[in-house]
Each structure stands twice: as structure tokens, then as C-alpha cells.
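Asks: Each chain, written out:
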Amino acid sequence: MAEAARLAAALAAALLLFAAAPAGAAPEPDRRWQQLNAEQQAILAPLEAEWDRLEPVQRVKWIGVAKRYPKMTPAGQSRVQANMKKWAKLTPEQRKQARENYRRISKVPPEKRGDLKQQWDEYQALPPRERQKPAPKRKPATTAQ
Amino acid sequence: MHETQFAYRVRQHLNQGARVDARVAARLRAAREQALAHHRAEPMAGLALASNAIARIGGARGLSLRVLLPLVVLAVAFATTYVWQQTQRAAEVEELDAQLLSSDLPLDAYLDQGFAAWLKRRASQQP
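Chains as they are written, first to last, in my numbering: chain P, 1 to 145; chain Y, 1 to 127.
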């Protein structure tokens with residue numbers, strides 16, 4: 001029975017190890033609209049109409065976003081409010097694409113990408129065919145003279 | 001007498017050939033056959049009652065624990081790893097969405113098929 005005791009100890013150790021790992025990043029529980037607290041309802045107000053129809057994974061994600069909300073700048077907070085409804089209406093593929101684009105844009109070093117808003121305005125001003133072509137050079141490539 | 005010594009003596013006797021009378025030999029044969037029959041029947045019953053295997057833990061405790069416990073540990077480890085990965089992925093998406101939604105670019109910029117590539121091309125042309 002010493003072996004059984006050893007195995008039981010190993011099982012207990014494994015359980016402890018695996019149970020301890022995700023404890024730090026435990027997700028918020030899923031809640032229906034009425035179960036949200038007043039602060040969460042105020043932050044997530046743009047989603048009220050469709051909240052109970054959202055996928056549980058989506059609701060848990062939004063509750064997580066609401067948790068991060070107080071740490072955002074006031075400007076960031078109002079942008080979240082403005083984007084929330086539209087974001088929730090996108091298809092999963094569109095959201096995936098947008099996240100992928102966000103990652104790609106974030107990878108461009110800030111000193112090289114310049115002011116993003118300005119770049120976006122510039123890009124939008126281009127005729128549709130020009131947008132697919134290589135961007136016009138800001139400075140001539142031959143800097144060595 | 002010491003147990004090993006006794007076993008040694010028994011072995012010596014058996015090596016010389018056990019001289020027993022017909023009645024004792026018949027009883028020994030009957031006992032042996034009975035034991036063999038019993039020995040054969042048990043694993044077959046075990047196979048037939050495979051679905052009931054867990055109920056046999058009491059009967060074959062050592063073996064069951066040795067086989068079942070590592071399996072349980074493995075199953076628990078796999079399940080926990082899966083749940084942990086899902087949790088990690090959900091946390092990543094949550095953080096990314098929070099950043100994306102609060103960023104100073106409008107959503108359309110991230111939904112556009114060409115903007116990210118255009119921006120990247122343009123950045124690569126910078127000195």
C-alpha cells in the first residue's frame with residue numbers, strides 16, 4: 001500500500017500544481033444583464049439591448065473590459081463607449097481580422113508610423129486603386145549624397 | 001525452522017521425487033485441477049465484466065491503483081492544461097480588445113483590408 005500512498009501523493013501534488021496555475025488569471029463569471037452591478041451596467045450600457053443574446057464568452061470578455069475601463073484615460077473611455085456597439089455587431093471573422101490588423105499596426109515602430117490618425121486620414125484620401133499600391137515615398141530613398 | 005531452510009528441504013524432497021500412495025496422489029491431482037480451474041476462470045470473468053472493472057478495485061487493488069491513478073493524473077493534467085490555455089487565450093483577447101477599442105484610430109481603420117499593409121509599406125520606406 002506504500003505504492004498507493006505514493007501515487008495518491010503524486011496525484012494530490014499534480015492537482016495542487018495545476019489548480020494553482022490558473023488561479024491568478026481566473027476569468028470573471030458570466031452574468032445576465034440584471035446580475036451586473038451598477039458600475040458594470042453603466043460602463044456596458046451601449047450593449048444593454050443585446051447583452052442577454054451575446055455568447056457567454058463574449059459577455060465574460062466584456063465584463064473583463066469593464067474591469068479594465070477605470071484604468072483607461074478619459075479619452076480612451078469615451079472611445080470604448082463609442083466603439084462598443086459596433087464591435088459587438090461584427091462577425092467573429094471581422095473581429096479576428098481587426099485584431100490581426102491591430103497587432104500588425106502595433107508592430108510598426110512608433111517613430112516610423114508617425115501619427116496614426118493622420119496616416120489614416122491620408123490613406124482614406126487616396127483613390128481606392130492607390131491604396132493597394134506601394135505608398136508614395138515621403139523622402140527620396142537616396143539620402144546619401 | 002527458518003522459512004528458507006524449510007523451503008530448501010521441501011525442494012530437495014520434491015527433486016528426489018515425492019513418493020506418495022495412490023489415494024494421496026489422487027487427492028493432490030484433484031486439488032491441483034481445482035486450483036487450475038479456479039485460476040483460469042477468474043481472468044475470463046474479469047474480461048467478461050470489463051465494464052464492471054472499476055467494481056473490481058477491491059479484488060485487484062494493487063493493480064488497479066497502479067493503472068488507474070496515473071491515468072487519472074494524466075486526465076486531470078490534460079483537462080487542466082486545456083482549461084488553462086483557454087483562460088489564457090480569453091485573457092489575451094480581452095486585453096487586445098480593450099486596447100483596440102480605446103485606441104485613437106477608428107474601428108474602420110482596423111477593419112480596412114489594406115490600411116495595415118499600406119502603413120507597413122510606408123514605414124519600411126522611412127530611413
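By construction, these hints were calculated from the structure, which means they are not laboratory data. Warning: the hint list may mix true and false statements.
Under the rule of at most 20 angstroms between Cα atoms (straight-line distance), these lysine-lysine pairs were calculated in the PhoX-like manner [to be verified]:
no., chain 1, residue 1, chain 2, residue 2
1, P, Lys96, P, Lys112
2, P, Lys107, P, Lys117
3, Y, Lys120, P, Lys112
4, P, Lys117, Y, Lys120
5, P, Lys96, P, Lys107
6, P, Lys85, P, Lys67
7, Y, Lys120, P, Lys67
8, P, Lys89, P, Lys107
These numbers come from a predicted model, not from an experiment.
Asks: Taking the hints in turn, state whether each one holds.
Replies: Now for the hints, and whether the structure bears them out:
Taking the CA atoms of Lys96 of chain P and Lys112 of chain P, the gap is about 25 angstroms. The hint is violated against a cut of 20 angstroms. At roughly 16 angstroms between alpha-carbon atoms, Lys107 of chain P and Lys117 of chain P fall within 20 angstroms of each other, so this suggested pair holds. Annotation: proposed proximity of Lys120 of chain Y to Lys112 of chain P holds, straight-line Cα distance about 9 angstroms (limit 20 angstroms). Simply put, Lys117 of chain P and Lys120 of chain Y have alpha-carbon atoms about 15 angstroms apart, close enough for the 20 angstroms limit, and the pair holds.
Only pairs whose Cα atoms come within 20 angstroms are accepted, and Lys96 of chain P paired with Lys107 of chain P is accepted, the gap being roughly 17 angstroms. The straight-line distance between the Cα atoms of Lys85 of chain P and Lys67 of chain P is roughly 18 angstroms, inside the 20 angstroms bound, and the hint therefore holds. Distance restraint check for Lys120 of chain Y and Lys67 of chain P: the Cα-Cα separation of roughly 33 angstroms exceeds the 20 angstroms cut-off, and the hinted pair is therefore not satisfied. A hinted pair counts as satisfied when its Cα atoms are at most 20 angstroms apart, and Lys89 of chain P with Lys107 of chain P does not qualify at roughly 27 angstroms.
Figure legend: structure checked against the earlier numbered hints; hints not met, in rising order: 1, 7, 8.
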